[in-house]
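Trainee: Read off the chains here:
Protein chains: 2
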Amino acid sequence: MKILITAGGTTEPIDTVRGITNFATGKLGKITAEHFLEAGDDVIFFAGQTALIPKPHKRLTIFRISDTQMLYQMMETWVPKVDAVIHSMAVSDYRPVYMTGIDHFPQSLDLKTLLEYRPEKKENKISSKAPYQVMLLEKTPKIISQVKKWHPKVILVGFKLLSGVSQAHLIDIAQQKGRESRADFIVANDLTQVTKEKHRALILDHKQNIVAQLETKDAIAKEIVRKTHEKSHE
Amino acid sequence: MKILITAGGTTEPIDTVRGITNFATGKLGKITAEHFLEAGDDVIFFAGQTALIPKPHKRLTIFRISDTQMLYQMMETWVPKVDAVIHSMAVSDYRPVYMTGIDHFPQSLDLKTLLEYRPEKKENKISSKAPYQVMLLEKTPKIISQVKKWHPKVILVGFKLLSGVSQAHLIDIAQQKGRESRADFIVANDLTQVTKEKHRALILDHKQNIVAQLETKDAIAKEIVRKTHEKSHE
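Chains A and B, in that order, are what the protein sequence lines are. To convert, note that position 82 of the first sequence is 82 in this note's numbering; the numbers rise steadily by one, no gaps. To convert, note that position 53 of the second sequence is 53 in this note's numbering; the numbers rise steadily by one, no gaps.
Hints in this document: simulated from the structure, not taken from any laboratory. Be careful, since some hints might not be right.
Remember, identical chains collapse to one label, so a pair may be satisfied in a single copy or spanning two.
In silico DSSO-like pairs for lysine-lysine, Cα to Cα no more than 27 Å straight-line [as the list claims (entries may be wrong)]: (1) 142 - 129; (2) 196 - 81; (3) 207 - 129; (4) 58 - 81; (5) 129 - 177; (6) 149 - 129; (7) 148 - 196; (8) 207 - 58; (9) 55 - 27; (10) 129 - 217; (11) 148 - 129; (12) 129 - 2; (13) 196 - 55; (14) 222 - 112; (15) 227 - 112; (16) 112 - 139; (17) 196 - 112; (18) 153 - 55.
Pulled out of the complex, with its shape left as it was, chain A reads as follows:
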């Protein structure tokens, strides 16, 4: 099979030297790629700028991804060419529209002004005189919701990471993501249950049933490979 794996986090530029980034290391994606390669599959690996990458392999191709826009374009190109998408990358939900010192702001401020304000010229590197800066951020397009539109028959594994929530809430949100993205599987996990040694995760199928409960990154990766292969034989 030909597998597209996304891992790590996107980085949304603020100016030429700064950006908003996700702390995701891409370790789970890396391990998953290595298990797919071991099983004989071809892997296209989309890695965030600072993400860990798999060991070199003749059936592995790596692309570095910067921001959500680049990820969108790259996935639009590659999703139709693969059999399965393991979308573990932490994609920025928001990207900066502007950032400006409050001393540049118009005197009279309201919500409309805040949303419609744009700095006179886009600064290459935002200067650092004002005591406060204000940043406006806009929602990025939901890439995972496009995957089945780009390639209806592709097997899609999505991920939902929350932080410090109840298991019931995590399952609820993961099910919602599964419905919205029409993913075949959703890996649901909670940041507070991820340590160096352990990584607790649930896997939900397209009927929103819990079909696996795992305790380590290696076990999650192996299960993703197994479920993807099973699904391809249906």
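With chain A fixed as given, assemble chain B onto it according to the hints.
Mentor: Here is chain B on its own, set in the frame of chain A:
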């Protein structure tokens, strides 16, 4: 001599999974560290989370630095223990105070409200429903200005990076930084004159005179080592 080198960029957390980061790779700092080690000096190396680090060496100690606050505390501890500080790290000028969906904002908004607003409870991971988010950022303390207060006799090398400015403006701003921080040397450079092969930089001394003009990272690193050793013999 005992040299403290800071390199890479700081990362200011927005929530548990996101942060504002600087794209600095720390490559110049890494090369500078290696030249000091070659010259027989001891090096304490403060590296940003994703910064490049020097090859292992018995006279090299590496610490990973997350945000400006951690850098401040670590420098307060270490600066009095060293003979020279090469402060090449790109330190965030601003850090997030809050980020919130505009749907959470009070109906009537003005600048005072914007500055004084705080989300009801600090969210672990900011949710992603609102079409826009607003982030307020506050200025971080100028760490370089503290160095000579913590250790008046330490040799201090500061850095000024601008983007797409005239050489006259770059020198002007670098001189200003030199005066404010009482640095012995300021390395002034412009992002548009940094490529993979080339890295143009000027070095200014404490009298604000240009004492070197370099064209590569390796040449800059060697010159920093030379100037630091010379200064220690004055």
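Trainee: Provide an ascending list of the numbers of those earlier hints which the structure does not satisfy.
Mentor: When the structure is compared with the hints, numbers 2, 7, 8, 10, 12, 14, 15, 17 and 18 turn out to be violated.
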